[in-house]
Amino acid sequence: MHNGHMADGTRQIGLGITRVEGRDKVTGRARYTADTAFDDLAYAALVQSKIPHGTVTAASMRDSSTRAAAAPGVLHVLTPLNCPVLQRLPTDLTFDLPLERRPPLSDLTVQHVGQHMALVVADSPENATYAASLFTQSYEPLPPQLSAEEVLADPEPPDDKNGEIRHGSYLPDHFVKLDEEKLQDHRGPLTEPDLLARVSATYTTPLNAHYPIELSATIAEWHDERLTIHDATRWLTGERAVLAAYLGLPESAVRVLSPLVGGAFGSKSFLWMHVVLCAVAAREIGRPVKLVMTRNQMFSSTGHRPRTRQHVRLVADDDGALASIEHHTVTETSTVAHFCEPAGLSSRFLYHSPRLVVSHRVARINAPTPCFMRGPGEAPGLFALESAVDELAVELGIDPLALRIRNHASLDQTNGKPWAGKHLLDCYEVGAQRFGWDNRPLAPRSLSAGGIHRGWGMATATYPGRRMPAACSVTTSIDGSVRFASATHEIGTGVRTAMGQIAADASGLSPSQLTFDSGDSLFPDAPYSGASQTTATVGSAVFAAASQWATRLVALLSTDEQSPFGGRRRDEIDLVGGEVVSRGHRRAIADVIADGGQRYLDELSFTVSVDGGDQRDTVSQSFGAHFCEVEVDEEIGRAAVTRWVAVMDCGRVINPALARNQVMGGITFGVGMALLEQVPYDTRTAQMIGEYYVPTHADRPDFDITFIDEPDYALDPIGVRGIGEIGACGVAAAVANAIFHATGRRIRDLPITVEQLMNPED
Amino acid sequence: MDTHAEHDISLRINGSPHRISVDVRTTLLDLLRERIGLTGTKKGCDHGLCGACTVTLDGERILSCLTLAVSVDGAAVTTIEGLAAGEDLDPLQRAFLDHDAFQCGYCTPGQISSAHAMLREHSRGDLSAASFDGDQRRVRDGCPPLTEGEIRERMAGNICRCGAYSNIVDAISAAGAATER
Numbered sequence: 011m012h013n014g015h016m017a018d019g020t021r022q023i024g025l026g027i028t029r030v031e032g033r034d035k036v037t038g039r040a041r042y043t044a045d046t047a048f049d050d051l052a053y054a055a056l057v058q059s060k061i062p063h064g065t066v067t068a069a070s071m072r073d074s075s076t077r078a079a080a081a082p083g084v085l086h087v088l089t090p091l092n093c094p095v096l097q098r099l100p101t102d103l104t105f106d107l108p109l110e111r112r113p114p115l116s117d118l119t120v121q122h123v124g125q126h127m128a129l130v131v132a133d134s135p136e137n138a139t140y141a142a143s144l145f146t147q148s149y150e151p152l153p154p155q156l157s158a159e160e161v162l163a164d165p166e167p168p169d170d171k172n173g174e175i176r177h178g179s180y181l182p183d184h185f186v187k188l189d190e191e192k193l194q195d196h197r198g199p200l201t202e203p204d205l206l207a208r209v210s211a212t213y214t215t216p217l218n219a220h221y222p223i224e225l226s227a228t229i230a231e232w233h234d235e236r237l238t239i240h241d242a243t244r245w246l247t248g249e250r251a252v253l254a255a256y257l258g259l260p261e262s263a264v265r266v267l268s269p270l271v272g273g274a275f276g277s278k279s280f281l282w283m284h285v286v287l288c289a290v291a292a293r294e295i296g297r298p299v300k301l302v303m304t305r306n307q308m309f310s311s312t313g314h315r316p317r318t319r320q321h322v323r324l325v326a327d328d329d330g331a332l333a334s335i336e337h338h339t340v341t342e343t344s345t346v347a348h349f350c351e352p353a354g355l356s357s358r359f360l361y362h363s364p365r366l367v368v369s370h371r372v373a374r375i376n377a378p379t380p381c382f383m384r385g386p387g388e389a390p391g392l393f394a395l396e397s398a399v400d401e402l403a404v405e406l407g408i409d410p411l412a413l414r415i416r417n418h419a420s421l422d423q424t425n426g427k428p429w430a431g432k433h434l435l436d437c438y439e440v441g442a443q444r445f446g447w448d449n450r451p452l453a454p455r456s457l458s459a460g461g462i463h464r465g466w467g468m469a470t471a472t473y474p475g476r477r478m479p480a481a482c483s484v485t486t487s488i489d490g491s492v493r494f495a496s497a498t499h500e501i502g503t504g505v506r507t508a509m510g511q512i513a514a515d516a517s518g519l520s521p522s523q524l525t526f527d528s529g530d531s532l533f534p535d536a537p538y539s540g541a542s543q544t545t546a547t548v549g550s551a552v553f554a555a556a557s558q559w560a561t562r563l564v565a566l567l568s569t570d571e572q573s574p575f576g577g578r579r580r581d582e583i584d585l586v587g588g589e590v591v592s593r594g595h596r597r598a599i600a601d602v603i604a605d606g607g608q609r610y611l612d613e614l615s616f617t618v619s620v621d622g623g624d625q626r627d628t629v630s631q632s633f634g635a636h637f638c639e640v641e642v643d644e645e646i647g648r649a650a651v652t653r654w655v656a657v658m659d660c661g662r663v664i665n666p667a668l669a670r671n672q673v674m675g676g677i678t679f680g681v682g683m684a685l686l687e688q689v690p691y692d693t694r695t696a697q698m699i700g701e702y703y704v705p706t707h708a709d710r711p712d713f714d715i716t717f718i719d720e721p722d723y724a725l726d727p728i729g730v731r732g733i734g735e736i737g738a739c740g741v742a743a744a745v746a747n748a749i750f751h752a753t754g755r756r757i758r759d760l761p762i763t764v765e766q767l768m769n770p771e772d
Numbered sequence: 004m005d006t007h008a009e010h011d012i013s014l015r016i017n018g019s020p021h022r023i024s025v026d027v028r029t030t031l032l033d034l035l036r037e038r039i040g041l042t043g044t045k046k047g048c049d050h051g052l053c054g055a056c057t058v059t060l061d062g063e064r065i066l067s068c069l070t071l072a073v074s075v076d077g078a079a080v081t082t083i084e085g086l087a088a089g090e091d092l093d094p095l096q097r098a099f100l101d102h103d104a105f106q107c108g109y110c111t112p113g114q115i116s117s118a119h120a121m122l123r124e125h126s127r128g129d130l131s132a133a134s135f136d137g138d139q140r141r142v143r144d145g146c147p148p149l150t151e152g153e154i155r156e157r158m159a160g161n162i163c164r165c166g167a168y169s170n171i172v173d174a175i176s177a178a179g180a181a182t183e184r
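So the sequence lines, in the order shown, correspond to chains X and L. Each step along the first sequence adds one to the number in our numbering, with nothing skipped, and position 214 is 224. Each step along the second sequence adds one to the number in our numbering, with nothing skipped, and position 137 is 140.
Among the hints, a few may not be true.
[To be verified] If you anchor each label on the Cβ, the simulated ranges turn out as follows:
| hint | chain 1 | residue 1 | chain 2 | residue 2 | range |
| --- | --- | --- | --- | --- | --- |
| 1 | L | Val27 | X | Ala68 | 33 to 43 Å |
| 2 | X | Lys171 | L | Asp136 | 32 to 42 Å |
| 3 | X | Ser619 | L | Arg127 | 54 to 64 Å |
| 4 | X | Asp50 | L | Val27 | 16 to 26 Å |
| 5 | L | His21 | X | Gln697 | 34 to 44 Å |
| 6 | L | Val27 | X | Lys60 | 22 to 32 Å |
| 7 | L | His21 | X | Leu25 | 35 to 45 Å |
| 8 | X | Arg197 | L | Glu151 | 19 to 29 Å |
| 9 | X | Ser491 | L | Leu130 | 44 to 54 Å |
| 10 | X | Ser456 | L | Leu130 | 33 to 43 Å |
| 11 | L | Asp136 | X | Asp436 | 32 to 42 Å |
| 12 | X | Gly754 | L | Gly137 | 27 to 37 Å |
| 13 | L | Gly137 | X | Leu152 | 54 to 64 Å |
[Stated by the list, open to error] Chain L regions said to be covered by chain X (calculated; three or more residues, Cβ under 8 Å):
| hint | region |
| --- | --- |
| 14 | 60–74 |
| 15 | 81–94 |
| 16 | 156–165 |
[Said to hold, decoys possible] Partial list, computed: chain X residues near chain L (C-beta under 7 Å):
| hint | residue |
| --- | --- |
| 17 | Gly24 |
| 18 | Thr28 |
| 19 | Thr37 |
| 20 | Glu136 |
| 21 | Asp169 |
| 22 | Asn172 |
| 23 | Pro216 |
| 24 | Arg293 |
| 25 | Ile295 |
| 26 | Gly296 |
| 27 | Pro298 |
| 28 | Gly675 |
| 29 | Thr706 |
| 30 | His707 |
| 31 | Arg710 |
Since the hints were made in silico from the structure, they are not lab data. Built from N, CA and C at the ideal position, the CB exists for glycine as well.
Using the sequences plus the hints, can you model the full thing?
Structure, rendered in structure tokens:
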């Protein structure tokens with residue numbers, strides 16, 4: 011394993027310690043991007059389009075710009091008419107990531123409602139907002155394509171602007187840059203077997219928005235030709251690369267800072283068009299420019315989960331053994347960026363089946379660019395698959411849990427490799443026992459009392475164990491304090507705390523002696539904080555750095571004639587809980603460092619890089635089981651999720667308190683997806699015509715969360731697999747399945763709302 | 004400098020007097036954050052939906068994003084920064100820490116400010132919709148017990164997208180019990 015002769019009493023991994031930034035968060039001292047103080051700050055406000063497709067007339071843009079520029083306190087008005095030309099982003103970035111091909115403010119054409127058309131900068135937020143309101147854009151509208159159905163029915167218009175703007179639909183080969191995540195896949199016999207037990211159903215999921223409570227905020231400032239961006243971002247290094255590309259600068263001239271992020275859930279990366287506009291404005295006026303997006307702008311300007319329409323076909327024999335799974339998805343992206351919600355990916359491996367067909371078609375519509383949202387693919391895809399499996403169980407008269415167990419997959423059928431550690435059967439067993447699933451009557455409407463219909467539903471959860479390359483620096487100071495740092499992001503997951511726990515165990519330092527810093531692109535590189543990969547990715551770098559730190563200190567001591575430990579063999583010297591221990595002799599690490607002086611500090615300050623690991627022989631995948639109870643009152647159309655049991659197999663759990671909080675949060679997120687959330691766009695004008703409802707205190711169930719806590723060392727040396735998203739996966743299906751069990755109504759379109767629950771079956 | 008500093012107002016913020024010239028359009032939220040430098044109170048929606056901007060005004064919880072600063076001239080405002088006594092945390096703050104009642108922390112000042120005022124509302128006998136779910140005697144006799152259902156109902160105006168709701172309720176419950184006479 012790793013360098014550790016540590017007494018159990020000092021081990022940090024596995025402890026539910028308080029978050030390191032917790033005190034700051036409860037006292038208001040915690041600093042997020044918009045809290046950063048500046049002298050001489052100027053404030054910006056966005057002007058956006060109100061139509062989905064067409065052109066803004068140059069005359070109206072000019073007149074509006076002039077009017078706004080003359081308003082009180084206005085310092086600058088940036089429009090397509092005067093914005094310096096921004097470079098197109100490199101194709102290797104835009105080809106398969108949701109980065110827009112067309113730079114912002116590059117022309118007067120409009121591709122979606124909410125597209126940035128101007129940026130107004132003034133000396134106060136009120137003056138900026140007022141001046142922006144003076145814009146009256148005249149449009150030459152063109153017919154928009156607002157849905158996949160329209161796109162697929164109409165002939166495909168040609169590309170515009172050298173392929174920056176594209177229409178029609180396409181069949182993506184794989185998900186992002188992961189060649190093996192095939193979005194078009196076929197395994198087994200060509201034709202579907204002709205067995206009697208079958209499900210053929212269409213499921214739809216609506217537009218979902220991340221809705222982090224922190225509004226996206228940016229402050230851009232220049233010093234000479236060097237740009238510093240303060241941004242609520244979860245991808246420091248990516249943002250640096252994209253801004254440098256837009257502005258034609260070397261990356262060394264761009265620094266991105268993100269001290270804390272108030273929630274991301276998949277947003278706050280890729281869509282940095284507003285950020286570069288702030289940078290341009292700041293350069294024009296020679297003052298730092300601050301933009302805080304409005305809540306409405308968050309829906310159109312920071313990404314979202316696009317709609318899906320999913321057709322699932324299951325065929326099984328009379329005992330419920332699956333003979334064929336088909337999962338076909340139609341989804342949407344904008345006309346200016348590539349994105350496919352990969353709903354069918356989990357169906358490729360989740361259940362054993364000799365035949366598997368998965369397809370994805372993406373329609374380019376006049377809507378904002380979508381992007382990853384918690385459980386991209388899994389969240390909508392498992393809604394469809396886990397509902398379909400439930401429907402098959404009903405068809406066969408088999409318990410839904412028993413049906414899943416019967417079709418349990420013992421290896422990853424997409425590549426034939428075994429899972430590195432799959433404990434899904436334990437999740438089912440423990441969850442069922444804790445929930446009381448054995449008492450579930452098979453027939454729907456069996457648990458009704460006093461006009462309330464109770465139902466019990468379950469679903470399988472899954473999410474990949476991902477890991478990417480990362481680096482970590484260590485800096486040792488003369489007082490014995492050690493700082494680890496990496497360009498990662500504290501978005502609420504508790505990464506700073508978890509990294510500290512990993513570093514403490516691997517180094518032998520006491521937690522009070524070390525810190526883990528994030529939030530600065532000058533720190534060693536790390537990838538975006540997404541894909542539930544941060545603990546495995548940055549954790550591996552921290553582990554390597556901390557282990558090497560310990561090795562170096564032991565080597566220093568062993569060869570240091572001035573040290574009481576000099577001359578001892580290295581394997582006789584241990585670092586435990588902040589002390590050097592050897593043959594009964596103990597000394598505080600802080601003291602030996604102070605004694606060692608600058609020579610020690612130099613040797614104990616360095617940077618390590620680690621790669622993304624090597625998953626040649628096994629596949630690291632997390633699994634889980636959700637069990638829930640829902641009460642439905644058909645007279646008022648209300649569904650209340652009352653209790654939830656979740657058992658998660660996510661590898662090793664670094665901090666059980668953080669992990670539990672994450673999973674409860676994920677389940678709550680999923681309950682919102684199931685019952686509340688849809689971005690209310692008017693189908694004709696594409697404008698938002700209502701509010702987006704997210705779960706409140708009143709909407710969530712009582713929780714019973716368990717972790718299997720078996721390490722997966724195939725993915726990383728700490729054994730973690732990530733927990734940020736799996737909690738949200740499978741939740742919508744569990745709720746829909748419970749609602750079926752309560753009412754006998756199978757609802758296949760999310761969100762499940764009043765209207766769908768109020769009409770009792772006749 | 005501001006070109007619309009039109010009205011002089013006085014506010015007592017966290018016990019300190021402030022005399023400021025404000026643009027009539029400035030919300031109390033923006034005043035606290037952009038002018039006074041008290042950035043603990045957060046902007047989550049700026050239209051009264053999420054509760055992140057909750058502060059107490061003359062002891063009552065309000066949405067500072069929907070409050071024009073000029074309309075509260077003379078009032079006493081308490082923000083998240085004003086709850087702790089130096090380095091000693093308020094019992095609610097302590098409870099939020101102990102129960103991990105947050106994740107990203109952005110809604111947290113609003114949750115704590117709101118809960119602080121809510122506990123006061125409850126102890127003086129204010130009822131909520133949840134008060135009518137249970138035994139009528141508790142409603143009739145005033146001051147129903149602060150059950151989990153009561154806390155959830157009374158805090159339903161403070162949204163937490165990270166979903167730390169369960170721990171928030173535990174923290175409020177613990178703090179409420181600790182400060183009960």
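Evaluation of the provided hints:
no., hint, verdict
1, Val27(L) to Ala68(X): 33 to 43 Å, "35 Å, holds"
2, Lys171(X) to Asp136(L): 32 to 42 Å, "59 Å, violated"
3, Ser619(X) to Arg127(L): 54 to 64 Å, "60 Å, holds"
4, Asp50(X) to Val27(L): 16 to 26 Å, "24 Å, holds"
5, His21(L) to Gln697(X): 34 to 44 Å, "41 Å, holds"
6, Val27(L) to Lys60(X): 22 to 32 Å, "28 Å, holds"
7, His21(L) to Leu25(X): 35 to 45 Å, "44 Å, holds"
8, Arg197(X) to Glu151(L): 19 to 29 Å, "49 Å, violated"
9, Ser491(X) to Leu130(L): 44 to 54 Å, "52 Å, holds"
10, Ser456(X) to Leu130(L): 33 to 43 Å, "37 Å, holds"
11, Asp136(L) to Asp436(X): 32 to 42 Å, "38 Å, holds"
12, Gly754(X) to Gly137(L): 27 to 37 Å, "31 Å, holds"
13, Gly137(L) to Leu152(X): 54 to 64 Å, "59 Å, holds"
14, 60–74, "violated (count 0)"
15, 81–94, "holds (count 6)"
16, 156–165, "holds (count 9)"
17, Gly24, "16 Å, violated"
18, Thr28, "6 Å, holds"
19, Thr37, "6 Å, holds"
20, Glu136, "4 Å, holds"
21, Asp169, "38 Å, violated"
22, Asn172, "39 Å, violated"
23, Pro216, "18 Å, violated"
24, Arg293, "22 Å, violated"
25, Ile295, "15 Å, violated"
26, Gly296, "17 Å, violated"
27, Pro298, "13 Å, violated"
28, Gly675, "3 Å, holds"
29, Thr706, "5 Å, holds"
30, His707, "4 Å, holds"
31, Arg710, "5 Å, holds"
The structure shown violates the earlier hints numbered 2, 8, 14, 17, 21, 22, 23, 24, 25, 26, 27.
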